[in-house]
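Chain P is already provided as a structure; the job is to place chain D on it using the hints.
First to last, the sequence lines map onto chains P and D.
Residue numbers for the first sequence follow the working numbering, so the first one is 1 and each next one is one higher.
Residue numbers for the second sequence follow the working numbering, so the first one is 1001 and each next one is one higher.
Careful, some of the hints might be misleading.
[As the list claims (entries may be wrong)] Covered by chain P, per the in silico footprint, the following chain D stretches (three or more residues, Cβ under 8 Å): (1) 1368-1378; (2) 1383-1390; (3) 1521-1533.
Think of the hints as simulated: they come from the structure by calculation, not from any bench.
For glycine and all other residues, C-beta sits at the position ideal for the given N, C-alpha and C.
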Amino acid sequence: MANSCTFRIVLAMVLALFAPLPAFAVNPDEVLSNPVLEQRARNLSAQLRCMVCQNQSIDDSNAELARDLRVLVRERLTNGDTDDQVVDYVVSRYGEFVLLKPRLSAKTVILWATPVLLLLVGAIAILVFVRTRPSQRAVAALTAEEQARIEELLKK
Amino acid sequence: MIIEIGHYALVLALATALILSVLPVIGARRGDAAMMALAPTGSLVLFALVTLSFGALTWAYVVSDFSVANVWENSHSLMPLIYKYSGVWGNHEGSMLLWLLILVFFSALVAVFGGNLPDTLRANVLAVQAWISTAFLLFILLTSNPFLRLDPAPAEGQDLNPVLQDFGLAVHPPLLYLGYVGFSVCFSFAVAALIEGRIDAAWARWVRPWTLAAWTFLTAGIAMGSYWAYYELGWGGWWFWDPVENASFMPWLAGTALLHSALVMEKREALKIWTVLLAIMTFSLSLLGTFLVRSGVLTSVHSFATDPTRGIFILCILAIFIGGAFVLFAWRAPMLKAGGIFAPISREGALVLNNLILTVATATVLTGTLYPLILETLTGEKISVGAPFFNMTFGLLMLPLLVAVPFGPVLAWKRGDLLGALQRLWVFAGLSMFAGLAFFYIQNGGPVLAIFGLALGFWGMIGALADLWYRGNFAKVGFSVGVKRLIGLPRSVFGTAIAHFGLGVTVLGIFAATTFGTETVVEMKQGASVDVGGYSLTYDGLRDAVGPNYTESRGHFAVSRGGVEVADVWSSKRLYTARRMPTTEAGILTFGLSQLYVSLGDAMEGGGMVVRIWWKPFILCIWGGALVMMAGGFVSLSDRRLRVGAPSRKAKPVKARLEAAE
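Okay, chain P solo, but in the shape it has when bound (with noise of 0.2 Å):
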């Protein structure tokens, strides 16, 4: 754990790109002898942050505590949980800073606005534009000097 993290700070204090290190995830014994269980925990899990790492998900970690909570995970699901009930008792022991794929609330909404807006703003403001643009343009006169370079330019 000490592992990963520290060199996860390391990497991400030097200049290189990219932070997430060596993480040897899940391991044989965790892995359940249900294939269709297995799934869901490995695709739930890797929605869930490692809470002491920098932005790793369960799945990827090889710290401590992501291993607990992986295997919360599967024992939640061999239980008869469905996803989002796993999800949301991970959360109620957690918080929602578990959750890589944050739920939209107060506080996210101007995240998940974000791209939904502008893209709305952007689209409106290059229809107004197109739709206006050519009766300006056409009101806009040439000037004197404009008008005598192109005379001069003509008759060359």
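Frame of chain P, contents of chain D only:
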């Protein structure tokens, strides 16, 4: 002594940069030719001084002069020579010096190849470059001086971080910085244009090659970094949406938008103000990336607070340049003559769509990266924004863009014919769909929706070929005439087609690798076998080995297919002696475009080893596509005829300049 010369050269560089920041601007205002002529000469002097300084530090690394604190902290006498060279920028101080070196290198390039720019524009551009140089020179000299001495000098260094002892470090940062910092030229051109209050199509033609060069290098740098992470980190991931990655990806997205909007401005004189804004934003994102990576604010808000000198300094640089540029923009942009018109369905319309999507995508990545930081600072609440968020939002934004890419080049300028474009492209779209289906059928497995993803990749590739097909008019004139027609086309046409083709290759690689890849985690004892991706791997036990500055345990695997041994692969766990730091060296076997990736886990009781084996089909397409995009960039850069459409009074000088640039 050499170290002190290096230090002194940096101080002289600061003095030069200060002079260069002021006099050419005054010269440009007064029309004083002598003062303006100072700009190119001064930029060359500045470049020479910073090179000298950089050379001095490199020398200290090569001879392992541990009396220099920076060398002591980041080097070791036993380290292989190549890492002594690349170790120069494998630390904060050295990497800032590399940043600066590349910045003044670009100024020098503008000085040398900008001989045919109008005098005032060149003087202003170089002065703006000098402003940035001054800021970073001050930053290095005041907060990050690599030339500090230690007394007494230690006998041995502390070694370079083992993760960085890799060829990747030699290539990745220089390429990345060439891209990142290359956008400074676009920024300087934009600010210079705002200062002069004049902007036209010629400006776009001058800026385009610089944008193209920076974009090409940044593409290479990001791809190289991604591949480095892939093979070094030992678990087969290649993109993590890490804030540090996002920091380099945002300028790339904005730079891609700039590349396309500059095209519209050059050909149609439209989008002028937008292009200027985009040029400012692109470099602002480069600066922001530098801040995010350099200040340590990403690692933890708290580590930033404990030693905030550097962070606050870069934050000030950020505020002054970004803020200043935007204020200048707000003040001056309304005075610029508005650009031409465009119809929604036209080549420029398609490029505007490209700009809209890329800008929103950039903003999405920016919000996602900064949101947790800002939220925590303002409210103390902690949330995480990670890969699942970015995959969803960014992915959704990219889908329409990828569908639209092949339409752009087949639409005409001014007024395009969407129906005509559809008629021309539907055969190719059908082909792509068929290719996606066939690919899916042959690979056998994965969710059915992946067919569309694969088809999207083929669509990018086939669409690029379709563009060339119609430009050659092969259907009507036959093959040989078509080829002749193609040869006669400007190289930028090929550049576009090649880059778009490369994009398709990358997209195909992403979908193929994620859809058909497999992961196998097993505990293996000596002699045990496991089947992965049609190959059978037999574990042959661990051997100990000693490297120059590390010891390692190497696991040996024999790889066979259909009972015949086809290859063998070593995967190892290393311990770097000086730092007592373990790393993994994954064993990677390449079969065509696919790879088998073997990584050692922990030793289990009873002599077994946890082994992780990934089958990564077509994974090389991801970086291969980026290489193709890069090739497209270079082909486009070599286009002389790009300038032929210039207004006649500008045509000759600009053409001459480009020839010189080649």
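Quick rundown of the hints versus the structure:
no.: 1; hint: 1368-1378; in the structure: holds (count 3)
no.: 2; hint: 1383-1390; in the structure: holds (count 7)
no.: 3; hint: 1521-1533; in the structure: holds (count 3)
The structure shown violates none of the earlier numbered hints.
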